[in-house]
Structures are given as structure tokens and as C-alpha cells.
Amino acid sequence: MSYILDTDMAPFGHPGQPRLTPLPAEQWDARAREMLCGRVGLADRYLSGAPDAPPMPNVLGLFGHHIELGSAWLAYNGTLLDRPAIEPRHRELVILRIAWCSRARYEWMQHARLALNCDITAAEVEAVTRGPADASWSPVERLLLSATDELLGEYRVRDQTWSSLTTHFDARQLIEILFVAGSYLCLALVFNSVGLQPDSAMEQTFAPPEIKEQP
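Residue numbers (this note's numbering): 30 to 244.
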């Protein structure tokens, strides 16, 4: 049984006025630019100022306000994303569940998109909102989602869940699962608190299910 009672959670709603706005690319100094280069694939394009340059994701613009933190976070997050110990599908299921339960609109939209490149279908993205009891999941995926809910509800994985996880994951993978959940909860708290706005391209396509049809 899921620890999180989805029916009791507050609705996502639409974000209000942002408390902090992302730093526009044209205002980035040399140190800020160095933070992105070598860590973000499209850094040169984002910062080029060219008429056809893609818009910088708002999360990167947010890091422009704190270069030291942003640089360290991008390096750390690169380990989770680029040199993972767990399957990308498993990682994204955990992140989506964190985003859903924390009502982190920006995080949900980003990872609903990324999940489609990690062997997760659109139907499975929506199934994440129904938790570990949904019929969509394999036994190991149900364990991962249960562990995520327990971390959110009790701040630790229950003994029985942990014991079951150890039959599927080694020590390195178990540590990574915990750090993925904790890291993306940290980001969710930041995004929610600063009122980070969705990137315009994500607004309707990857909106959370309950608000997708709202104006």
C-alpha cells in the first residue's frame, strides 16, 4: 500500500508570480558562462545570443544567480544522469513520483518529457500519479515507488521494503536511489518556493494530468 494518499494532496494549480526570475542569458558574466560550458550540452547555443538560439531552460537561468552552487550542482547531477548505477527508467519513475507528490509543476513537466526517452510511455507517466499500487508496474518498479513514498512520508525506507530492494539492487545502486529521491525533492522545494515558471515549450504538452485541460 502506498504511504502517500494522493486524494489528500493539494492540487497543482497554475504558478503565481515568480519570486525569483531566471537570469537572462545576456546578463551572464564570464564566470556564469563557465559554469555551463562543459556541463550542459547546448551551453554555447543558449549563450550565443543568435536569433535562432534555443531559449535557456529556466532551471539553468535560476542557477545564474548562484554560480558556485550551480556549478557544484550541475557536476553532481551529471553523475546521476550521465554515469548512473541504476537504469534511467527506474531513475525517472522515482523522480516523477517525487515531482507528483511534492506538487512540483516545473519538475514534473521536465521529467514527463525526459521520461519518454527512457523507455517510459505517456500512459506510464500518468500511472505514476496513481502510485505503486497501479497495475502498470513490475514488482521491482512497485518497490521503487513504494520506497519513494516512504521517504516522503516517513523520511526513511521501511525495513521490509529495504530488504526487498536488496534482492534487486547492490549497495551502489541503493545509495543512488536514495540520492536521486533526495536530490529531486531538494529541487522540488526550490522550484516551488521561488515560483519557477514552466519553460514555454512544456506548458501544455507536459502539464500535470489534473490541470492539462484547464485554460
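Hints in this document: simulated from the structure, not taken from any laboratory. Where is the CB? At the ideal position from N, CA and C, for every residue including glycine. Heads up, a few of these hints could be off.
Pair ranges (Cβ atoms, derived) [said to hold, decoys possible]:
id : residue 1 : residue 2 : range
1  : 56        : 196       : 24 to 34 Å
2  : 191       : 79        : 44 to 54 Å
3  : 74        : 49        : 42 to 52 Å
4  : 201       : 56        : 33 to 43 Å
5  : 46        : 142       : 37 to 47 Å
6  : 201       : 148       : 43 to 53 Å
7  : 50        : 187       : 34 to 44 Å
These are the hints, each one checked on the structure:
Distance hint check for residue 56 and residue 196: the Cβ-Cβ separation is about 51 Å, which falls outside the suggested range of 24 to 34 Å. Distance hint check for residue 191 and residue 79: the Cβ-Cβ separation is about 50 Å, which falls inside the suggested range of 44 to 54 Å. At about 24 Å, the beta-carbon gap between residue 74 and residue 49 misses the expected band of 42 to 52 Å. Judged by the Cβ atoms, the range 33 to 43 Å given for residue 201 and residue 56 holds: they are separated by roughly 40 Å.
Hint check: residue 46 to residue 142, Cβ distance near 25 Å, so the stated range 37 to 47 Å is violated. As the Cβ distance of residue 201 to residue 148 is approximately 21 Å, the hint placing it in 43 to 53 Å is violated. Take residue 50 and residue 187: their Cβ atoms lie about 41 Å apart, and the range 34 to 44 Å holds.
Of the hints listed earlier, those the structure fails to meet are numbers 1, 3, 5 and 6, in rising order.
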